[in-house]
Every structure is written in C-alpha cells, then in structure tokens.
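**Student:** Those protein sequences? They're chains A, B, C and D, same order as listed.
Residue numbering for the first sequence follows the numbering used here, starting at 1 and increasing by one per position.
Residue numbering for the second sequence follows the numbering used here, starting at 1 and increasing by one per position.
Residue numbering for the third sequence follows the numbering used here, starting at 1 and increasing by one per position.
Residue numbering for the fourth sequence follows the numbering used here, starting at 1 and increasing by one per position.
By construction, these hints were calculated from the structure, which means they are not laboratory data.
Honestly, I wouldn't trust all of these hints.
Copies of the same chain look alike in the list, so a pair counts if it fits in one copy or across any two.
Pairs of lysine-lysine residues, derived as DSSO-like cross-links and limited to a Cα-Cα distance of at most 30 Å, are as follows [to be verified]:
{"id": "1", "residue 1": "254", "residue 2": "62"}
{"id": "2", "residue 1": "62", "residue 2": "192"}
{"id": "3", "residue 1": "353", "residue 2": "269"}
{"id": "4", "residue 1": "66", "residue 2": "188"}
{"id": "5", "residue 1": "66", "residue 2": "312"}
{"id": "6", "residue 1": "353", "residue 2": "192"}
{"id": "7", "residue 1": "312", "residue 2": "344"}
{"id": "8", "residue 1": "312", "residue 2": "43"}
{"id": "9", "residue 1": "66", "residue 2": "192"}
{"id": "10", "residue 1": "254", "residue 2": "43"}
{"id": "11", "residue 1": "353", "residue 2": "312"}
None of the values given here were measured: they were computed from a predicted structure.
Protein chains: 4
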Amino acid sequence: MAGDSIGLLFRVTNWGESHGAGLGVVVAGVPPGITILPADIQKDLDARRPGQNRFTTSRQEKDVIKILSGIENNETTGTPILLMIENHDHRPKDYKNIETVFRPSHADFTYTAKYGLRSKSGGGRSSARLTAGSVAAGAIAKQVLTHAFATDILAYVKSIATTCSPYDTTAVLREDVLANPIKTTDTKTAEKMIALIDTARDNGDSLGGIIECRITNVPVGLGEPIYDKLDADLAKAILAINACKGFELGSGFKGTQLRGSEHNDAFIKTDHLSAPNNSSSKKTPPKKSTSTETASDPTTAAYQLTQNIRTKTNHSGGIQGGISNGMPIVFRAAFKPTATILQKQQTVTETHKPTTFQAQGRHDPCVLPRAVPIVEAMAAIVLCDHFLRHRGQVGHFYTS
Amino acid sequence: MAGDSIGLLFRVTNWGESHGAGLGVVVAGVPPGITILPADIQKDLDARRPGQNRFTTSRQEKDVIKILSGIENNETTGTPILLMIENHDHRPKDYKNIETVFRPSHADFTYTAKYGLRSKSGGGRSSARLTAGSVAAGAIAKQVLTHAFATDILAYVKSIATTCSPYDTTAVLREDVLANPIKTTDTKTAEKMIALIDTARDNGDSLGGIIECRITNVPVGLGEPIYDKLDADLAKAILAINACKGFELGSGFKGTQLRGSEHNDAFIKTDHLSAPNNSSSKKTPPKKSTSTETASDPTTAAYQLTQNIRTKTNHSGGIQGGISNGMPIVFRAAFKPTATILQKQQTVTETHKPTTFQAQGRHDPCVLPRAVPIVEAMAAIVLCDHFLRHRGQVGHFYTS
Amino acid sequence: MAGDSIGLLFRVTNWGESHGAGLGVVVAGVPPGITILPADIQKDLDARRPGQNRFTTSRQEKDVIKILSGIENNETTGTPILLMIENHDHRPKDYKNIETVFRPSHADFTYTAKYGLRSKSGGGRSSARLTAGSVAAGAIAKQVLTHAFATDILAYVKSIATTCSPYDTTAVLREDVLANPIKTTDTKTAEKMIALIDTARDNGDSLGGIIECRITNVPVGLGEPIYDKLDADLAKAILAINACKGFELGSGFKGTQLRGSEHNDAFIKTDHLSAPNNSSSKKTPPKKSTSTETASDPTTAAYQLTQNIRTKTNHSGGIQGGISNGMPIVFRAAFKPTATILQKQQTVTETHKPTTFQAQGRHDPCVLPRAVPIVEAMAAIVLCDHFLRHRGQVGHFYTS
Amino acid sequence: MAGDSIGLLFRVTNWGESHGAGLGVVVAGVPPGITILPADIQKDLDARRPGQNRFTTSRQEKDVIKILSGIENNETTGTPILLMIENHDHRPKDYKNIETVFRPSHADFTYTAKYGLRSKSGGGRSSARLTAGSVAAGAIAKQVLTHAFATDILAYVKSIATTCSPYDTTAVLREDVLANPIKTTDTKTAEKMIALIDTARDNGDSLGGIIECRITNVPVGLGEPIYDKLDADLAKAILAINACKGFELGSGFKGTQLRGSEHNDAFIKTDHLSAPNNSSSKKTPPKKSTSTETASDPTTAAYQLTQNIRTKTNHSGGIQGGISNGMPIVFRAAFKPTATILQKQQTVTETHKPTTFQAQGRHDPCVLPRAVPIVEAMAAIVLCDHFLRHRGQVGHFYTS
C-alpha cells in the first residue's frame, strides 16, 4: 500500500522512472471479459505524449504501449495487466546542470530529503512522465465503465492564465475539444491561448490554468461515506497529478458566495430522459460484451441511468453526501505554471550553498493541453474502483 | 477498508449515527506511550459541538468523550482506542416531516439509491454530526504530532459569502482566532460576518464560506508519491467533510494566473531559524514524553525542523512533488451554504411524486465556525498517518 | 490497516481489552438489507463465553451483545455496525501476582518488548477474551452467507491430546456436536475427553487438541490468487486465534505421504445433487430477504450450488488453486495446551531477575470447546469478505 | 488490493503468466539506500528454476532477472522496483491436450468458474511459475533484513512422502542443505529421497512432503495483534504457495498432544549470548550500509538481538501472542503430491462430458526441492513488512 498504488478493487500500481528503462503500471482487479484493444490505450497516450505540436515540449517520446500480461485475444482475463512504455529518448546530458542544485519548485529538494538520494538524470520518479502509466490504466478503466454504463468522461482546458473559455460546461462537445491543439472548448478561445503560450515561450516563462471535467452516464450510488466519498477520492486522484494545486466540485469556491436558497438543487421528476451526453452525435452504445452476462445482469447497461429523478440545477456537481446522484459529475482542477522556466533563478546546491539555476533543454511552457487526458484517466480510475466496490457491497444498482 | 476508515498506519474507523445510541471512532495504530488526556479531546469536541452560541444551531449536545479502550493511565498502549460520544438530544419528532421526501441537496436521495433504505430519524449516517468522531480522532493525532515535532495546526474562517478577512495567513494568531465566535482572524471581520449570518437567519437562508489552515513545524519528507502525495491525501480528507466543495494548496486557483517566474519558490539558506509558529507567545515545547525514547531517537523533537534550507516565498504551500518541504502547509477549503434552509423548496417524495419541502427545527445558518476544528482534525489525521508511514519506510527524518 | 482489522470489503475492526470497560468490533462494509437479530449474535457468544460448565473457566461473564449502530429494525443499513460487550467481572486482584513477571508462553514478554508497556490487569489486549468480538462479527458474516447461499459452517473438536474422534468429517452432524459439552462429534468421544480434562485440572495442568471445520454450500469462485487465495486467508484468520499453532486444508500434513495418483480428486458429473449439508434434518432455507433483491439477482440462493460438476474425493478440501470449487471446505486447526497452568514454573521478572511463577484464579484447563465458535466465526468472516470481493470484480457467480 | 499483492508497507504486486511474454513483481515501499545486486536475486531464482537436475522438471527456463526501475547504481531509491523475467521456452503444443478438459486437482476448473475463461496455454496465472516473482521479491526482503538485523532464513526439505530427516532443526546447517540436490538436511537422507523420487517418476506418479524453515536473528516485537499476528501472516504467505496444504509453527500439530507443563517455554536470563545462527561458520556481519544511517540508528544491526532474555525451550516457535520473541522462528509447510501425473485419470470436459486425461510433457515428480527458496522468500516478505510496520508505529526496537 505504498503511495505508488491507487484504488481498492480496481488497483493501479505505478512503476518506473523518466529516464530509466521504462515505466508503466500493473492494473489488478479488472473484471474479466472486457474487450481492450491496444489502440484504446494508445489513443490516450498519444494525447498525453510530448512532441505533438509546438504547444508541448519538443522532446520526442513515442510512448508505445506494450501489454505484457492479463489480456489474451484482446480480452481481459481478470488477472493483473502489466502495461509498459519503454524510454527511448533519454538525453541525460540535458540534465547535467541540475545534478547538484535544487531546482526551485521542483521535487529535487523534497525527494532528497525524504529518501536521502535522488535520481540525477531528470526528475526520476517525480517526473510528470510517470503520468503516462496513469493514463494507460485510465484507458482500461474507461473501457470497463463504457462497457457497463456507457459512462463518458470529457476534460478540457477551461482557462490559461486569465484567459477563460466563455462556454458553459453543458455546451462543450468532444468534437470541438479535439479540434484544437489546446484542447479547449472552441477555436476562438484556443487562438487566444496560443498567443499567450507563444509569448510565455518567447520570455522563457511558463503558464498555468484550469481544466474542467464533465462525466455523464454516471450510475447512481457510487462513493462510500464517510471518508471514501466519491468527491473525496476524485480530489485525491486529481491532486496527485503533477503541478495540480486545487480541486473543486460543482459550484466549488465560487459557490461559497451563494445563499442556500440559490445553491440548493431541487429534485424534479423526468420522463426517463437521460442526461445529455458529452458527444454531439448520438450516444455510442456500450461495446457488446463477450462475457456470459445476460440482460438480467443488473450491472449491465440495461440497468443504467433509467431513474426518473434528476435535479433542476447541478450546483452539487453530480455528487451529494459523497455519493453520485446520476447527474453529470463536474469538477475543475487548478494547475500552477510549470516550474521549469528558462530564466535564471535563485536557489541552493545540495551542499546548501547559494547559487543560481537556469533550465535548458526541452520543456512545456504550459502543461495544460497534455494534462487533459491525465485528468480524464484519474477520474476514470476512481469511478471504476467505486463501481466495483459498490457492486461488491450492494450487488445491484438503483433503478426506478 | 470500507469508506468508513481513513489512514494506513494511523487508522481511524468511524461508526455511529446522528440519532442512534451514539457515535465515535476506533483509532488503531497509535504509537504507544503518548500522553492523551480526556481534556485534549474534549477541547476540540467543544469547539465543534452545536449550541455554543447563537451562530451555531441551538441543538444542545454535550458531546462528552468516553474513552473505552487503548488508553491506560492517560497513556496510549499502542492498541485500538475506542472513543464514544453518546447521543442524548434526539427529538425524532423534528424529523417527522422529512420521512417521505428527498430534501434538496441533502444525501437522502443518494443514500436511498445506494443502500435501498435510509435512516428516517435525521440524517443517520450522512449527518455532519458524524464528524465529531473525526474531531476526536484528530485530537489524538495532534498529540502524536505535538509530541514528535511540536507541529501546530491552526484553521480559521477566511471568508463568509463575499466577506473575506483582510489578513494574510502569516499574520493570523491563534489567540485572535479563539477570541471571536466566528473563529475568523480578527474581531472586526467577525463583526461583519455576524451581521451577515444574522440576516441569513432572519431570511431562513444559509451561507457558505472558506476556511484556511496553516500548519507549522511540519517535518520534511512526509507524503508518498506518486498517488499518496501529502496534498492529495489532504485534499481527500478535507473533501470528506460534509458540505466541502473544494480544496486548494498554497497559491491554489489564483496561482493559475501567475507566470512561472512569479510563482516559483526560490530556495534560500537560513541560519537555523525555524519557521514562525501560529502562536504569538513563544512556542510551546512538546509535552514531556513518558515513554522510553531517548534524545538519540530520530523521531523526537530534537530532530525536528533544524534544516537550514527554506523557500523565499511559499506559493507551493509547504508541499513540493507531493512531499512536505518543511515550510508551513497552507490550504483552503470551500464550504457551500448549508443545505437545510427554512424556505419552501421544490422536491419529490420517495415514491417520486412532486412536492415541496420546508425545513423546521434547529439548524446552523452557517456551518463555517463549527467546521474549523473538523478541518484541523482531518489535517492532523493525514499528517500523523504520513509521519508513521515515512518512519516505517525510511526510519529517520531529514536534518541538515 | 493496523493488525486489529481483518477483511477487505467485509471489514472487521476489533477493539477493547479483557479488563477495561469493554470490548467489541466495528463491522463495516456489510451489505444493506440483511436481517440480523441480537439473538443471532448472542447464540454464538454464549457458545464461546466462559462459565458454561465445569469444562470451561468458572469466570462468569455474561457477554451480552449491544448493537450501537448500523442495524435499524433488525436490518443492516450498509453502514458500520458497532458491537460492544461490557466487562463486568474484573477481579483485578486475581492478577496482582503477574504484574512483575513474564508468564511463560504468554504474551507478557512480547507485548512489553513491542510496545514498551503492557496492561497490568490481566492479558489486556492479548487475552483470548478479545475473540468475543470476532465471534460477534462472525455471526453477522454467517447471516450474510446464509442469506445469499445457505452456506453452513460447522466446527467441532476433533481431538484432545491423543484422544481423537473416530468419525469422518462427512458423518458429523450439528445436532450431535451441540449435544455434548466438549463440542466433539459424539457422546462417547466426549466422555473420554471429559475424563482427560478432569485429570488435567486435578493436576493443575492443561491440554491442547485439534478442531475440524466443515463448510457446505460454498459458492464456486471465492478466493483471489495469487496471494489472497481462499485457503491462505483462512489460514491467516485461524492462526490469528489465540493458542492456534497450525492449520491444514483437506488432506493436510497427512496428505504429504500420499502419491499424486492417490491424492488427485477426479472430476465427475452429477445430476444437480447438491453436496450434503451439515445438518441431519433437511436443509434450512435461507431467511426470507426483506431487501429489494429479486429471483434474478445472481447472488441469491437461486444461483447457488447448482453446478453439476463435483469431485469424487475431496483431498483438496474444497479449494483448488486458491479458489473454492463448490465441494465442502474442510480444514483443521491445532491448539496448543493452554499456557496458564497452576503448577510452579521458571521465568524472569520485568527487570530480568530469575523467579518462579504459579498461576492462580480462574482458567480453562482446555480451551478447545470454547474455541469451536471462534473457528466458525473466523471462517465466516473470510468467506463473507471473499463473497463480496468476488461479486465486486466479477459481478456474478458460476452456474452450469 | 486485489489478491495479487501482499504486504502493507513492503508491498509486492505479482503480474504475468506462465506462457505469456513474461512475469514478475513490482516491489514498492522498499527502504532507500539498500544495496541490491542482480546476483542477490538471481541466486534465489536459480534455486527455484526448473531444469537444475533430474529431480526437477526438464523444462529449461533461464529465468534471468531484469531490474527495470527502483534501483540505481545497485542501490534502492525508495521507489517501486520492477522485476521482470521473460518467458522463452513456451512450447504451447505441450498444452494442446488440456485445452478442453479440467485437469484433476488443478485450477483449470476453478479459474474457469471464477473468471468465465482461462488461459489455454499452460496454467496461465495458476502456474507455479508465478512464484518466481515472489522469489525475486523475497530476495530484496532478505537484503533489507540482513542489512538491518543480520536476519538469516534457512528452509530445507524435512520429509518426502514418509521419509523424514532425522535431524533436529537446531542441527541443520546451510552448507549441508546446499550440498545435496534435494535441499534436505544431509546427504544420507537425500539419497533415500532420490530413490523415492526416481521410483515415482518411473511410475508416472508424484510425491509430496514437508519443508521446514528456521529463521534466526529475528528482532523482538514483529507482528500486529490481534489479526495480523506474525504467525498468522506467515501462515497466509506460506499457504499462498502452490500445492501447500498446511502450516504449523513451533510444536504445531504434534504439540497438541503435550500437556501445558511440558509445552510452556520457561523464560531464562542469558549473558547476552545471541541465538545460534543457521550457518556453521561464524555469523556473517550485515553488509556495510551506504546510507546515512549512523550507529545510533535504532534500526541498524547495533540494536539487534542484544536482549538477555530467551526461552529454555522453543515450542512457541519464536512467536508468542502473535509477536516475535527473539528466539528462532521455526515453521513447517505441507506440500501435497504434484497434481500433474503421467497416469490416466477420470475427469470432465469444459462442456461437462466425462472423459479421461493423461498429462504429457515436462513435469516435476516432486515439487519440494524447488519450493525451498519459495518458502524462504515468502517468509522474508512477511518479516520485512512487519519490520517496517513496527518501525512505523513504534519507531524503535527493544533492547535490554
């Protein structure tokens, strides 16, 4: 139960370093009989990998997924899945100048303090490259959720620095997000953000921002009070992403300024209309199961969001009392400006002598676009784990 | 590992309901030989309990702590501590009118959907009253941390609705926080907040706000990447508090608007000056240990914050790469306006018929002042757990 | 996750001491809607409690179960169940003479060494009295298993010292076991054992023995390789019982002397005849569920042991490759002679001075009869936990 | 927390299949600064691998260890260690004839029943080949224990079928065990066992037996009552080994026939003479640490077994009340005869039709010699985990 694992039943264990032989995850506890194609995983890895375009670091990592166990004939066996991504583009020379100093706002100092040593070639275990393993695990979680509930997870860049998308979350479509390199809600906002990032790069500086995530077709009943509330576990998973400094659900920090009479979400009766999906085109049906599940299996799609109660507003963000209520889950994650900048900064050496440090090499001026698939992956892992946990304790899902 | 437990080595298991026989926690994994007086726990319970003054609900619960195991002669034995608080002030009649409706933005609907049933007399397991157990467990965690590192945790109300304290976190003193009924930073801000709350109560409405927490004398090296980062586990623990909708560390959401060159925290060398404490008077030394620990024990106060590296600014909020860096940990928690209001609201019954609901009885118009000790307790539990986990893996603490 | 808890989804946390205010368990993760009457728990506690007859210690503990949370109207709510048994019959004076010596083969020395202190009034946390909490938790697990699969767990004394029951496990009936005070297989064997125990008591000596357990109506598919095999988790749970020194499944140690051609269990096809139950009278149907489960719920009795494959012999003891195969689970547990004897023994004091020790007070000359319900309880906890875990990951149970 | 992981702080997660790309473990939570040479791991793998001599299967697997993360410059970094062993010698054709039948006393049936599918090429996840990962993880645990306490773990074959070594555990020397291919206590016993195995092989049959394990230089205080007792966790780890059907500690099942006055272990005072080691030559000092630990670190060798209390006899097997008492830990494990035999056996097909099955290919007639390093490895993992857990909770080790 070291900190390298997350999830109780859907259990992801992350291993590897940024500049060693490779990195990856073991995903244990996956339901058997789920179809997983390498392309399902590769797609998300490609969205995270560096070198996609000028808005991400030019470091070229192919990040090719290798499945070494747990999947036979594109189907999960119920046993641990070992996913590996080999490191090819080391360039340790890029990191020569950081060997003896603590880079400001990096983990050099804290890793050294905790473990008594640290990797000298790049971030080692503290590198954001390790999130590739999380993304791969999240791709499997997404397949499980799609299979069972047609759950759909869509993250996108909401703001960069002070430039914020004008679109409300309910108006955001996946096709629009995929259509621009910033992974924001629309082309016009993307253009403004591109200009900001270009300026930051020219100045050897970096930018932060906010990613928003909207999850639809969430089964009712996920989350385990009073500590493993669904929003609590989401907050943890999101804060575990490198550079993340904040999490808010639904109305979040702004909601603290409302009165209760404004904030409460009235319950209303609907005519079995399911909540709108994140895709503009009609909902993709869940993949046909090759398992022995029948239509009477309460965990299949047939039992999903058929309840006829929803809320008029969604200030709660889809979770009430720590348990999903069937409305879309909406949360936001704050990402600080990347710590690595090309300007000269004050710091100390490992032997505690004052010095200055100026980064060189390949670095993202803004981490947001590449963090989008990571946010989706972490959310998927949490939801999938709570799906299995709920099924374990209660055995069925609410319908009405 | 149901959701009613938190912590890996310092393990808190919460039990009980708001209107049953009682509630409490089992705290397992506590180091032996730590002095715990009932008053240490009662003090924090009193800060949380209702009926303290007109700014909290007038429901009168004495919330007297009972220690049933694990402490002998005011000293921990290393075995599980059972803490119990009996329920005395039931008044189930107050809850007659909620038996058949789903109260808006409460957990009535989600608990019913998850478990197929729910408590009819009050919130049952979803009640904020359950946080009394967390507060009691947190009081024990605080003693462990005080004993080992003189760690000091201070939470206070930063804002209510749009009224925000003008004081910077480094200027907040415990004695000032304790001196006003709102538990905010100063008397003048308290007066403004009192006026707001009085108005809300008159309108049968409720208010939200933000609590800030500052933790000093934090040992370097706490937190376990890549998933059990210290900030990730703090976020989870804080989001698990009823009505909490957001968490941010250090610069948080505002920090996303800074450039990297502004945000990075430069490392500087100090002359062994420890970080300023939350108390204005001089630092309270850790309680004298009655255990067999000697001065050479690396976990005692002698080994604490003696490192001579700190950061010039603290945008990181005391945690870098998921590991504490010895600077004060600073975070904020967003609390939505209380769901229970005395106005008529739209909702549905358990049999899905539209209806209206208007709360009666005793309710907080603003939960913030009573949430202050809960925030401290949850933070203490997380820090104490990571203290033991770090000591388990590494066996010593960083000094320089 | 301190050692005071067992089970992953069906999670039992034990608290209390032998001579403090009381003891008990929190049982978390229990499925909602299961009928639990206090008498279901009390029955097993009565079978374990001291003072039942002259073959057990004359210490009189009523061991009355108190249910403080998690059960409303005799039905589980899905939230933590706090079970408490108050201590009434302290007699601390009986323990005066053990305050300063380490009793041979007791835990006085190891508890002192581990924690730096130990309870001076009786065994504290090391007392077998703590198993009362396990028995209470096991009673809940039994109800869950009965409800879902009509699973039946029967333990009995197989041998005391060198006196062994001549009956094969398949011939043992619950009514015969309950009909004799030793809880062995038949009256005649019981008489021999009574004579042995009487002699040991007269000599101020103690006896050990072997308990056998047979579990029928076990669903196929429980157990999680490669480490949480069902037999591995059973072994752990049984070894955790005080005085237990060994565990063996099916053919066990004797089976090491067979050749593979003798030991292998041939698979055969049956005509849907379920395995024989432990009761002589016809099988008790599972209690009627008050939950919303329907006949199509794969976890109800309708889906139980209907497969038509079984094994000709059962050397495997019902578990193959760590997973239950639907045959009766049969295991044996070795219990050493009770450490407390009334003879003078060599030992040392807490300050390491040689001395002698002679126990006084109320003590079992043979722990076996009272350990029978403990063995059943620990087995029930393990099976129930694996039931929920299997349902979580796979969602259905095998039928053919 | 799926069943593929073991250990709470020293956390081993096993992945892979017998006939896929490879297999291995992630070992997380390892203390930093421990020297681990590939040869340390390879040595134990070589002792387990097939094809060593005619007494083990002739299947030729080189089982070369690959370290992909967590160790830099032969030193642990404190981050997850990925160990991999590639599969080279597949020969799937050997398994053609098992594709449609359930082999008697194999896991074919139970895996199919649990997961709804199973690997068609060999045992897949149920193969004993998976224990190679456990052995590799155990080699790391051994290094940690050697580093901290000079703990020494020695397992050996005690009996095969009815042929039992005449040597008492205290007389067994590592050099004698290593000197014979059966890994039993002496050459003469080995010769008898060889004759037995040769006969079994000629008959297409198989044999079982008992492995004994003796662990010296065990620190006092390991184990966490009341469920994670050291012996309970050892029992679990040992029962998790393929073909293991029983575990007993110290006097074990035979001890049930003794009277308490015979069985109790008297405490005596010694003159700081440490318990005898498993090696005939003088005790190997622990490897020099390259970490920053100093002599005053209570977890280093300086603090090890210096207490001057021991027991006259060791019927307890080194554990009392679930906590190590500093005496050698002695336990035995029962292994059934290998399920795979070359004789024709009765069984059913996957479609439940009666048939016969006769194994072909390469198979061990007796698994015992190769199980010796597995037993050592599982014991090392348990001890190492409890070492870190004890250090986490209590922070120091007992000395007197």
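**Student:** Each hint should be assessed against the structure and marked as holding or not.
**Tutor:** Tested hints:
Within a single copy, residue 254 and residue 62 get their C-alpha atoms no closer than 40 Å, and across copies no closer than 34 Å, so neither meets the 30 Å cut-off. In the homo-oligomer, the alpha carbons of residue 62 and residue 192 lie at most 30 Å apart inside one protomer (29 Å), although the nearest pairing across protomers, at 58 Å, exceeds that limit. In this homomeric assembly, residue 353 and residue 269 come within 30 Å of each other (Cα to Cα) only across copies, at 7 Å, whereas the closest approach inside a single copy is 67 Å. Proximity of residue 66 to residue 188 under the C-alpha cut-off of 30 Å is found in neither arrangement, the shortest distances being 38 Å within a copy and 50 Å between copies.
For the homomeric pair residue 66 and residue 312, neither the shortest alpha-carbon distance inside one copy (45 Å) nor that between copies (43 Å) is at most 30 Å. In this homomeric assembly, residue 353 and residue 192 never come within 30 Å of each other (Cα to Cα): the closest approach is 42 Å inside a single copy and 48 Å across copies. Taking the closest pair of Cα atoms, residue 312 and residue 344 come within 30 Å of each other only across two copies (15 Å); inside a single copy the shortest separation is 52 Å, beyond that limit. Proximity of residue 312 and residue 43 under a CA criterion of 30 Å is satisfied in neither setting, with 35 Å inside one chain copy and 42 Å between copies.
With identical chains, the CA atoms of residue 66 and residue 192 are never at most 30 Å apart, being 38 Å at best within one copy and 48 Å at best between copies. Neither within a single protomer nor between protomers do residue 254 and residue 43 lie at most 30 Å apart by alpha-carbon distance, with minima of 34 Å and 32 Å respectively. With identical chains, the CA atoms of residue 353 and residue 312 are at most 30 Å apart between copies only, with a shortest distance of 15 Å across copies and 60 Å within one.
Hint compliance for this structure: hints 1, 4, 5, 6, 8, 9, 10 are not met, and every other hint is.
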